[in-house]
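J.: Sequence:
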Amino acid sequence: MPDTSDFRKLFERVGDAAIVVDKESGMVLASNLAFSALSARPSTALVGAVAKSLLQEDDEAGTELAGGNATLRVGGGQGSVRVRLESFACSWEGESARLCIVRPARSALDAGRGGQEADRLRALLDYLHEATEQLEVVNRVVAAVNSSRTFEEVFSLACEQIRAVVPFDRVSIALCEEDGESLRVFALSGEQTGSLAVGAKGRLRGSVTEKALEDRAMVVIPELQAETGFNVYDDLRSEDFHSAVCVPMFSTHRAVGSLNLTSRQPDAYQRRHRLALERLAPPLAIAIEKVLLLEQSEHRSREMEEAARREELSGRIGRTLASTLDASSVLRETVETLGRALSVERCLIVLYGREESAAAVNYEFRARPDVLSLRDFSCEPLRTSRYARRVIEAKESVQISDVCEVEHDELIELYEQLKVCSVLSAPVHDGGRHVGLLELHDCYRPRVWTDEEKKLVCTVAAQVSVALTNAQLYEASRERNEELRGLFEISRAFSTLSGTEELGARLSRSIAKLVGGTMCLIATFDRRTNTVRAEAPGHNTPPDLIREFQFKLEKNDERSPVYQTGESFLSNDPAEDARLNRHFVERWGLRSVLSVPMRIKKELIGFIYVANRAGGFSVRELRLLEIFAAQAAETIVNARLFLTIQAQAEREAVVNRLLLSLQRSGEPREKVRAVIERIGEVLELDRCIAVLFADDEQGDYYGEWCADGVEPVTDWLDVRERSPIRYALRTARRPLLASDVRQHPLAAALGDLIERTKLKSMMVVPIMHQGRVIGSLSAHQTRAERQWGEDDIDLLVAVATHVGATLENARLISELREANRLKDQFLATLSHELRTPLTAITGWVELLSESEALKDDEDLADGINAISASANSLTQLISDLLDLSRIQRGVLRLERYFFDVNQIVHNAARNVRQAALARRLELRLELADDMPPTIADAQRIQQVLWNLLTNAIKFTPAGGQVTVRTRLLDEGPKRGEAAEDGSRIRRIEIEVEDTGEGIPADFMPFLWDRFRQADSSA
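Quick note: the sequence shown uses our numbering, first residue 27, plus one each step.
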């Protein structure tokens, strides 16, 4: 008897079929794999069975198996086989037992009962051998299923084991999906898998799996090329598979799927193969059931965790949205949080504008930089498409699992541009009004949205709706405050700024802030050139845009049709707006535009432009800006006026300095040369030329100034003979401007002359006087072209005007000097010619006055006295004329010496006394006695007195009185000196008074004018 301690190990090592039988009860205590295979029963079915029911000895001896020939029942009595039994006493777990070893009975073969019996026996042995191998495979698979291995490991082991007993080129497991309509490849193995892959899906209806599950039986297809009953094998034929077998698999409560083997050999699956597959199917179904249960459990755990997480996310978003009135920053955080939580490529909130089709992306989250932004596309389909209307009308979220399966429209085109595959949308409301959408986009792959995801999006959309309602109230209040603050800033800018540059910067910044634009500029309108030009600087406006923003306000200008009406306008899609310059809009990235004209009393001053407001502009911003357009226009006009006055003052200062140089003494042409030099320096010219036209062209005067390195041209004969300036100015009578002289009409046929003079730009103004063009003043640029400004033109015109007046005055002065010279010559000649006969008259009158005949004839004496007085008066007049001429020429000299003032008065009275008596006037002398000697020109004082007395006598009526008085006036000490010094100011006063009508008050301002008197008839 083998040692009991080692018996179990020895039993496990026995290669022949063996069982251990209890000695008393005859029950099988243990069975090795060889016996299980030989009897075609599993070991679990053998243990506990009665040994006599398995083995029947030929010589029965009680209940024990003593050994010898016996018959072994196989497969539960379905067959039997002759064996030789060997029995040994043993101990099994402390109990008395017998070890029974079963070997094939040699006698059956050796006896030669016939070939038929031998063949049957060999076939049975082969079957038993295969059954044993199959049971070993099944047991290993069952052991793997019962272990903690993963299904991948179990399936890999099963494939290895199956290959040992069943031929195949590809093996797969197809699972029935929960929808009952489709199959999914759950596992796949083999060297020839072909196009099939794990996860691939197919239709259950019409498949071989459906047939196997319905019949609950294995389906064998010996030749696939001849099979037409199943749709699943089309790909197998193309991949050169010939035979297949489908084994149905069931769990305890439902159909799991099928185990499918295919081979490139025809009719590869025989009865023994099918038997092995029938044994393998149940443990694989159990393994799959375990995997599915585990997956279902894990899926439910994940769903519960996901639901809890989403509930927490929804609550957190709701609390965040409810905690602030300014929802803009929170909504940005909301779309990012929601997008990351649901693992989508894009999450956004689209809000609708006031117009029917207006929609804009207000908040957007993108998971990666390569995900396109919806802001760069037109959002109109998100409001006008059928899908958008369906979402708006729905009370819950709406999904598109695959946009390729949806009817094609403008929204699908937009999604295709954005590479969107799946969409989940929910409506956003504001006080019962539909105001937008909350959307999630999954790109690059279709996606079936779960109920939890739909509920979460719907909940967040409701929270967003509440937040937007609160935000709208808050935003209305905030915008009102911002408007008031903006109004205050604009009003302050209106009232405190005078410089256009500072005004433009402050004003554009305040306006942009007021209406919510990111760019703003102010453009002014020049009525003289009909040009609209942007003023620098604007707000967030590139310098190149400022320079480029310039156009003519003309009706036939295709680039600016919208401005012809002079009305306010807005455009939230300027790229597609036919009224605007599309090239300009695209170049500077304008997404929305608002324009308001500035007017004063219906006169256009300019335009205010604002661009790129988030969400676009509305009529509200348009009306708000219109309120300030008139005030802005008035402010700009005032600033312009201030600058104009300032520039005019500076220009007048320059002109005044030039006038001072013109008014200084000197030769006029030299003055003109100095003036053009100064003009050239002030205007930074390359050349300045003044031309004074003569009656003969050859007599024209040219004055020229050139900057360093610039060649003079006025001495060139071609310039003098071929220049069209003289005739053009006399015809046009206004300034001629040419920023590019080659393009000017006057430049025709002068290309060679322009090239030689290197002339690029030119400005010519006429020199006018009394409506006549008497010359020209020209400004030249030879190094570069120049746009002439208004200040340049005004300065040159002002200088030309004064130069013309100066030159004309110089001409008049020259003529006046010549007239004075001729007058002096005439007076000298006249005096000489008059004095010759007057001398004879005076001489003879003196001779006659000494005649004795006058003593007896009073009438004759009176006549002689009258002739003498008239001769003296005429002599005095001639002397006065000569003195006047000397005074005008500045050559009159005074002869000063001591004389008696009273004596001078007596002499003057004596000369006019006869005239006074003739007019029956009383001539009285009231002379001071204390009159001291005086140093003066006695002859000139007597001349003045004679003139005064003559006028008094002439204009005093008969019977009147003429009085002459002298007085000595003492005015006290000299200024700045002490009284005790003795230095005093004393003045002599001579007064002539008459009783005539006097001089009218309105004539007093002209009293000292030459050759004027109040009564010109006297």
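Hints listed in this document are in silico derivations from the structure and should not be mistaken for laboratory results.
Heads up, a few of these hints could be off.
Pair by pair, the computed Cβ-Cβ distance ranges are [unchecked claim]: (1) 905 <-> 876: 21 to 29 Å; (2) 858 <-> 797: 19 to 27 Å; (3) 640 <-> 492: 49 to 57 Å.
Below are the PhoX-like pairs computed for lysine-lysine, each with C-alpha atoms no more than 25 Å apart in a straight line [as the list claims (entries may be wrong)]: (4) 445 <-> 316; (5) 78 <-> 49; (6) 421 <-> 481; (7) 480 <-> 421; (8) 237 <-> 227; (9) 480 <-> 445; (10) 627 <-> 578; (11) 628 <-> 578.
Small disclaimer: the values here were computed from a predicted structure and weren't measured.
The beta carbon of each residue, even a glycine, is placed where N, CA and C say it ideally should be.
J.: Would you mind confirming whether the straight-line C-alpha gap from residue 480 to residue 421 stays at or under 25 Å?
T.: Satisfied, since the Cα-Cα distance of roughly 12 Å is no more than 25 Å.
J.: Quick one, are residue 78 and residue 49 close enough, alpha carbons at most 25 Å?
T.: The given pair, whose Cα atoms are some 12 Å apart, holds under the 25 Å limit.
J.: Holds or violated: are the alpha carbons of residue 421 and residue 481 at most 25 Å from each other?
T.: 11 Å, holds
J.: Hint says 21 to 29 Å; check whether the CB-CB distance for residue 905 and residue 876 agrees.
T.: Since residue 905 and residue 876 have Cβ atoms about 25 Å apart, the given range 21 to 29 Å holds.
J.: Starting from the range 49 to 57 Å, see whether the pair residue 640 and residue 492 falls in it by beta-carbon distance.
T.: Check failed, 22 Å falls outside 49 to 57 Å.
J.: Check the hint pairing residue 445 with residue 316 against an upper bound of 25 Å on the C-alpha distance.
T.: 40 Å, violated
J.: Should the hint that residue 858 and residue 797 are 19 to 27 Å apart at their CB atoms be regarded as holding?
T.: 44 Å, violated
J.: Decide if the proposed pair is consistent with the structure: residue 627 and residue 578, CA atoms, cutoff 25 Å inclusive.
T.: Holds - the C-alpha atoms of residue 578 and residue 627 are around 22 Å apart, at most 25 Å.
J.: Can the restraint linking residue 480 and residue 445 be considered satisfied, given a maximum Cα separation of 25 Å?
T.: 22 Å, holds
J.: Verify the proposed pairing of residue 628 with residue 578, using a straight-line Cα cut of 25 Å.
T.: Holds, at about 19 Å.
J.: Is the hinted pair residue 237 and residue 227 satisfied, with a Cα-Cα distance of at most 25 Å?
T.: 18 Å, holds
The structure does not agree with the numbered hints 2, 3, 4 stated previously, though it agrees with the rest.
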